[in-house]
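Number of protein chains: 2
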Amino acid sequence: MSLIFKPLFEKESSTYTYLLADSNTKEAIIIDAVDETQQRDIGLIEELGLDLKYIIETHVHADHITSSCPLKQKFTNAQIVLGKTNSIACADVLIKDQEALEFGDYQITAMTTPGHTDGCMSYVVGDKVFTGDALLIRSCGRCDFQGGSADKLFDSIQKIFSLPDETYVYPAHDYGGRTVSTIWEEKAFNTMIGDSVDKAEFVRRVNAMELALPAKIHVAVPANQVCGSKIISE
Amino acid sequence: MSLIFKPLFEKESSTYTYLLADSNTKEAIIIDAVDETQQRDIGLIEELGLDLKYIIETHVHADHITSSCPLKQKFTNAQIVLGKTNSIACADVLIKDQEALEFGDYQITAMTTPGHTDGCMSYVVGDKVFTGDALLIRSCGRCDFQGGSADKLFDSIQKIFSLPDETYVYPAHDYGGRTVSTIWEEKAFNTMIGDSVDKAEFVRRVNAMELALPAKIHVAVPANQVCGSKIISE
Numbered sequence: 004m005s006l007i008f009k010p011l012f013e014k015e016s017s018t019y020t021y022l023l024a025d026s027n028t029k030e031a032i033i034i035d036a037v038d039e040t041q042q043r044d045i046g047l048i049e050e051l052g053l054d055l056k057y058i059i060e061t062h063v064h065a066d067h068i069t070s071s072c073p074l075k076q077k078f079t080n081a082q083i084v085l086g087k088t089n090s091i092a093c094a095d096v097l098i099k100d101q102e103a104l105e106f107g108d109y110q111i112t113a114m115t116t117p118g119h120t121d122g123c124m125s126y127v128v129g130d131k132v133f134t135g136d137a138l139l140i141r142s143c144g145r146c147d148f149q150g151g152s153a154d155k156l157f158d159s160i161q162k163i164f165s166l167p168d169e170t171y172v173y174p175a176h177d178y179g180g181r182t183v184s185t186i187w188e189e190k191a192f193n194t195m196i197g198d199s200v201d202k203a204e205f206v207r208r209v210n211a212m213e214l215a216l217p218a219k220i221h222v223a224v225p226a227n228q229v230c231g232s233k234i235i236s237e
Numbered sequence: 004m005s006l007i008f009k010p011l012f013e014k015e016s017s018t019y020t021y022l023l024a025d026s027n028t029k030e031a032i033i034i035d036a037v038d039e040t041q042q043r044d045i046g047l048i049e050e051l052g053l054d055l056k057y058i059i060e061t062h063v064h065a066d067h068i069t070s071s072c073p074l075k076q077k078f079t080n081a082q083i084v085l086g087k088t089n090s091i092a093c094a095d096v097l098i099k100d101q102e103a104l105e106f107g108d109y110q111i112t113a114m115t116t117p118g119h120t121d122g123c124m125s126y127v128v129g130d131k132v133f134t135g136d137a138l139l140i141r142s143c144g145r146c147d148f149q150g151g152s153a154d155k156l157f158d159s160i161q162k163i164f165s166l167p168d169e170t171y172v173y174p175a176h177d178y179g180g181r182t183v184s185t186i187w188e189e190k191a192f193n194t195m196i197g198d199s200v201d202k203a204e205f206v207r208r209v210n211a212m213e214l215a216l217p218a219k220i221h222v223a224v225p226a227n228q229v230c231g232s233k234i235i236s237e
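Those protein sequence lines, which keep their order, are chains D and L. For the first sequence, our numbering assigns the number 4 to the initial residue and increments by one for each residue that follows. For the second sequence, our numbering assigns the number 4 to the initial residue and increments by one for each residue that follows.
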């Protein structure tokens, strides 16, 4: 058995989508799929002969629209997975902390990591953690909308940091073109948080982020609350 | 021992840069570094405490300017490596087919793969091949400048296809955000070449590519012929 692992990139929103599959059974999962690149992803799933079981979101994104619903229409056995806190009606599975899903001989285990949004989840597959917008490479998610809380994000990142140091970190975005980090690197070099930053200092740093709202937030959040089943025009 | 492996992306030219290192000895190589992202790459090399030994180019690029020379100025023990056919004076090593360079306990082995340009090289490190613009994901490099030859490219891709089917393919670019392929996938699904395409049909397909010249070609090629040591203005 071996793991098929395809990190994929969407340029406009700098979003990483991750396709994983068991090479023997062909059972597959996709994490954070984007509407703009759905044809690429559908093509890849079809070419590789994969049996898509789960369409997983780390959170309700504000910067792009998910392709969950179109993917489910195409791969009708697939189930849409979101964290339980989101209470999203279009999700087939509202996953809880430490709950695991199987694809072939592999498991993906959910980890609640609120803070960027209240419903944010990270997911662990073997030596890889998919951190969504909780832990980014050398940075972290903003906390100024969708129930964001720098206080909660601090605790969530500590939880992620409890994974083995060698664990590979695959975030939902990187604006500098980096594709992967590790837990030890983020403990050592993350500019927002790390071994020496306490919660008060972290909250201060997060609150000092001066960021414009994501351009698509008023379209993306409502669209993602229905799993991308309809695009709401501005 | 383990391999540090960082695929990195430059958005403007959709170029992949690859940083590899031996985690024990810290000896490192970088493949196809780009001027636009040199600060990111320098930062990463410094943070990880790497000893950069080789700055390697798959070819003299026409679409972006290399950061070879600035990297060498920063990491003064590093040597610039290009394929022998290029006869580039600024290169410290003009590498030949099947010649290998060592970084820690790892080796990188050169493979002449002309066709996109006459001096194109691919490089093998263990189960990974870095194919430059010879073999792209589901595609291949154009052959209409810098001594390009579809006839030669066909033979070069056959040579790449002689690697084990499970070998991971890391190209210099992907415009669709795919980050990795495998030899078996390209044999099966490459739209330009594959198990069933003969040389005449491949040459016909390459000649039928209708592409504008790369926007930066008149700046990038002269700049890259001096390893990015000076930027020649248009």
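Since the hints were derived computationally from the structure, they do not count as laboratory data. A few of these clues could be false.
Claimed, not checked - Think about it this way: if two alpha-carbon atoms lie no more than 25 Å apart in a straight line, the pair counts; the simulated PhoX-like pairs of lysine-lysine are:
hint	chain 1	residue 1	chain 2	residue 2
1	L	Lys77	D	Lys131
2	D	Lys190	L	Lys9
3	L	Lys9	D	Lys9
4	L	Lys14	L	Lys77
5	D	Lys131	L	Lys219
6	D	Lys9	L	Lys219
7	D	Lys14	L	Lys77
8	D	Lys190	L	Lys155
9	D	Lys75	D	Lys9
10	L	Lys29	D	Lys29
11	D	Lys9	L	Lys14
12	L	Lys29	L	Lys9
13	L	Lys29	D	Lys14
As the list claims (entries may be wrong) - If you anchor each label on the Cβ, the simulated ranges turn out as follows:
hint	chain 1	residue 1	chain 2	residue 2	range
14	L	Ser165	D	Ala103	39 to 47 Å
15	D	Gln101	L	Lys202	51 to 59 Å
16	L	Gln76	D	Glu213	47 to 55 Å
To be verified - Here are some, though not all, of the chain L residues that point toward chain D, as calculated from beta-carbon distances under 8 Å:
hint	residue
17	Asn27
18	Lys131
19	Thr182
20	Val183
Where is the CB? At the ideal position from N, CA and C, for every residue including glycine.
Against the structure, the hints come out as follows:
no., hint, result
1, L:Lys77 with D:Lys131, "violated, 33 Å"
2, D:Lys190 with L:Lys9, "holds, 18 Å"
3, L:Lys9 with D:Lys9, "holds, 15 Å"
4, L:Lys14 with L:Lys77, "holds, 24 Å"
5, D:Lys131 with L:Lys219, "violated, 38 Å"
6, D:Lys9 with L:Lys219, "violated, 30 Å"
7, D:Lys14 with L:Lys77, "violated, 30 Å"
8, D:Lys190 with L:Lys155, "violated, 48 Å"
9, D:Lys75 with D:Lys9, "holds, 19 Å"
10, L:Lys29 with D:Lys29, "violated, 37 Å"
11, D:Lys9 with L:Lys14, "holds, 19 Å"
12, L:Lys29 with L:Lys9, "holds, 14 Å"
13, L:Lys29 with D:Lys14, "violated, 32 Å"
14, L:Ser165 with D:Ala103: 39 to 47 Å, "holds, 41 Å"
15, D:Gln101 with L:Lys202: 51 to 59 Å, "holds, 56 Å"
16, L:Gln76 with D:Glu213: 47 to 55 Å, "violated, 34 Å"
17, Asn27, "violated, 14 Å"
18, Lys131, "violated, 13 Å"
19, Thr182, "holds, 5 Å"
20, Val183, "holds, 7 Å"
The structure is inconsistent with the numbered hints 1, 5, 6, 7, 8, 10, 13, 16, 17, 18, although it conforms to all the rest.
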